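Asks: The hints should help you fit chain B onto chain A, whose structure is shown.
Chain by chain, the residues:
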Amino acid sequence: MPEESVDVLIIGAGAAGAAFAWSLADTRMNILCLEQGDWMDPSQYPSTGSDWELRSFSDFGLSPNGRGRPEDYPVNDDESPIAVSNFNAVGGSTILYAAHFPRFHPADFRVKSLDGVADDWPIDYATLESYYEQNDVMMGVAGLEGDPAYPPKQPPLPPVPLGKLGQTLAQGFDRLGWHWWPSDSAIATRDYEGRAACINLGPCLSGCAQGAKASTDVTYWPAAMRRGVRLETRCRVREISVGENGLADGVIYYDADGVEHRQKAEVVVLACNGVGTPRLLLNSRSKQFPDGLANRSGLVGRNLMFHPYAHVTGVFEEPLEGYKGPTGCCIISQEFYETDASRGFVRGYSFEMIRGMGLVGTALWGMGTGQVPWGAKHHEAYARLVDRTAGMVVICEDLPEPHNRVTLDPELVDGNGIPAPKINYQLSENSRKMLDHSVDRAREVLEAAGAHKTFADAPLRPAGWHLMGTARMGTDPERSVVNEWGRAHDVHNLFVIDGSVFVTAAGVNPTNTIQALALYIADQIKKNLTNLFD
Amino acid sequence: MSHDPQADGLSEEQRRELAGVLDALIPASGDGRLPAAGELGLVAQVEEALMRTPDFLPVIHQGLAAATDLAGRLGAGGFASLTAADKQQVLNDLATEHPALVPGLIFHAYGAYYQEPQVVEALGFESRPPFPLGYAMEPDDLTLLERVRQRPKLYRDPSGP
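Those sequence lines, one after another, are chains A and B. Numbers 2 to 535, taken from the working numbering, label the letters of the first sequence in order. Numbers 174 to 334, taken from the working numbering, label the letters of the second sequence in order.
If you're looking for bench data, these hints aren't it; they were derived computationally from the structure. The model shown is predicted, which means the values in this text are computed figures rather than measured ones. Among the clues, some could well be false.
For lysine-lysine, the following DSS-like pairs were computed, each having C-alpha atoms within a straight-line distance of at most 25 Å [said to hold, decoys possible]:
#1 Lys288(A) to Lys265(A)
#2 Lys154(A) to Lys326(B)
#3 Lys378(A) to Lys454(A)
#4 Lys454(A) to Lys434(A)
#5 Lys326(B) to Lys113(A)
#6 Lys454(A) to Lys265(A)
Just chain A, same shape as in the assembly (with noise of 0.2 Å):
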């Protein structure tokens, strides 16, 4: 393993960090990424084999504490009605997520001035848009240009196909009057920059095997390698270490044989994820910041925002080929998104389309809501919902509320013993609230679409992959633990470019504003780079 100095070390190679040592490559400083995941193979994904559907139960389940795999380290979620789901790997939490695309729209960078919660960003979508454009090509957005919920865009790729599915469930919005739309989707529909277009497998949650699903190990990271950046695996960071002038200097990190390492740095770049960044910050403990680093605000896990979700099924009478597609990215509906206190809370949420179960998925859901009984009725029953089902989730907008938050957990440890991430999480009367709104239009709209039957799980325990706000980004070196491109205030050499940094979640996925943020960023490096630890 390298020791020697390099400028800049990233720590973690998913969505912030693949984007940003691209992007920053362009100075030809020394750049070292340490992730402590390894490459994934694609042919061994389960979309290769029969026993896809089980194994998304097992190894590529979706919470770190029951898949087993080497490189996840547990999380003591107990204290939340949201589970954590991340993975650590090159490309991060790209290899598992459903590549819904969507942007922040303009409005959520302005919560406080036009709602009057939370706060306000110190940037906003003006800021960002030409860096969304470029993470729109880089990793190869499919949508359609002309959707009056957002500013004018123009996806590089064609739409993902609605299919039968997709169609039964817009005319339901049609007939309510409602917004819908193809969804902005991080998927190549055509062949593109040497990735073969989608083939419409499924089960992207579980990885793509086609290469088509924009994960950063097939887009950003080969071209960061060409660009001079180096990424090395299976190195798990301890704590960033801190000199006596009180300036990041390097990391300490395990081997995957777990023999201690040091690698310094002149500038440390965390892109660990909202809870991961606040663990290792709270594990880096000194003399001079004895409550963990560049915590001197007090912040560093605190606002924790996790997206609550809602899961609304419905069941059809006409089979659906809901089989067939990319299985989270067809319509998207952002009729509930803009605040109106009319509802009986502030913000809003989308609806996001969900494609149908698999055949042993229809059997275990069947199971679980009471519908597919074991026994003489059994079969009866499944061919009542087999290939008929479809459904939605409901993305809500949380509000930063401190005392959701991330700390260490004084008992669980790691393969390595660091401690763990606990997380306490309680949902909000304002988050209740909407929730319960959108199970109520989420059932209205799948009723239109011709449902005889809905069900609703809210909130949805296992969808905690949206991890924002424990880092906050902001001007006041009090109520903020980065600036407005991501510096912390307290280390002057040491950058957040992860989704801790949001001040606010929107109610839309965060992975493209988080790589708009993390290119923004860099760019701010660069155009600062002769006084950055000013």
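Replies: Here is chain B on its own, set in the frame of chain A:
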């Protein structure tokens, strides 16, 4: 040689009983298209899954023993030799004393059954992994979107009208 359930899994007798339980959980369909789960030979697969859940193994051992015992009280040599109706009754009776048995077994039984090629094909689907063939999808009629396109701007823009 003594049988160690934790290391060796199920005994031959327990495997016969488990086959009977699987047949009761998922019997053959009335039209003969779909076989019963035990007849389909899923015992080995279910046992393999059970061995990966060591916390559930005592539940299985105790549950199967109780099923054999209840069958004996009905005059049968074991659960597997009961009639279909008696199997259902015994499993219902076990629900009180062994509440985790049936739900736990159902999870593994349904999981194994619905990925079996014979079952997948009998249901009218292709028995193959999704990759590498994928699925063809027809092009969409995006004129469906004209109503939405005609709507005014739906987003708030803090920078101006």
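Asks: Work down the list of hints and note, for each, if the structure agrees.
Replies: Verification of the hints:
Distance hint between lysine 288(A) and lysine 265(A) is fulfilled; the C-alpha atoms sit about 19 Å from each other, no more than 25 Å. Simply put, lysine 154(A) and lysine 326(B) have alpha-carbon atoms about 14 Å apart, close enough for the 25 Å limit, and the pair holds. A C-alpha spacing of about 19 Å is found between lysine 378(A) and lysine 454(A), which places the hinted pair at or below 25 Å, so the restraint holds. For the suggested pair lysine 454(A) and lysine 434(A), the alpha carbons sit about 23 Å apart, so the restraint of at most 25 Å is met.
Between lysine 326(B) and lysine 113(A), the direct Cα distance comes to roughly 22 Å. Compliance with the 25 Å bound is thereby established for this hinted pair. About 59 Å separates the Cα atoms of lysine 454(A) and lysine 265(A), which puts this hinted pair outside 25 Å; it is violated.
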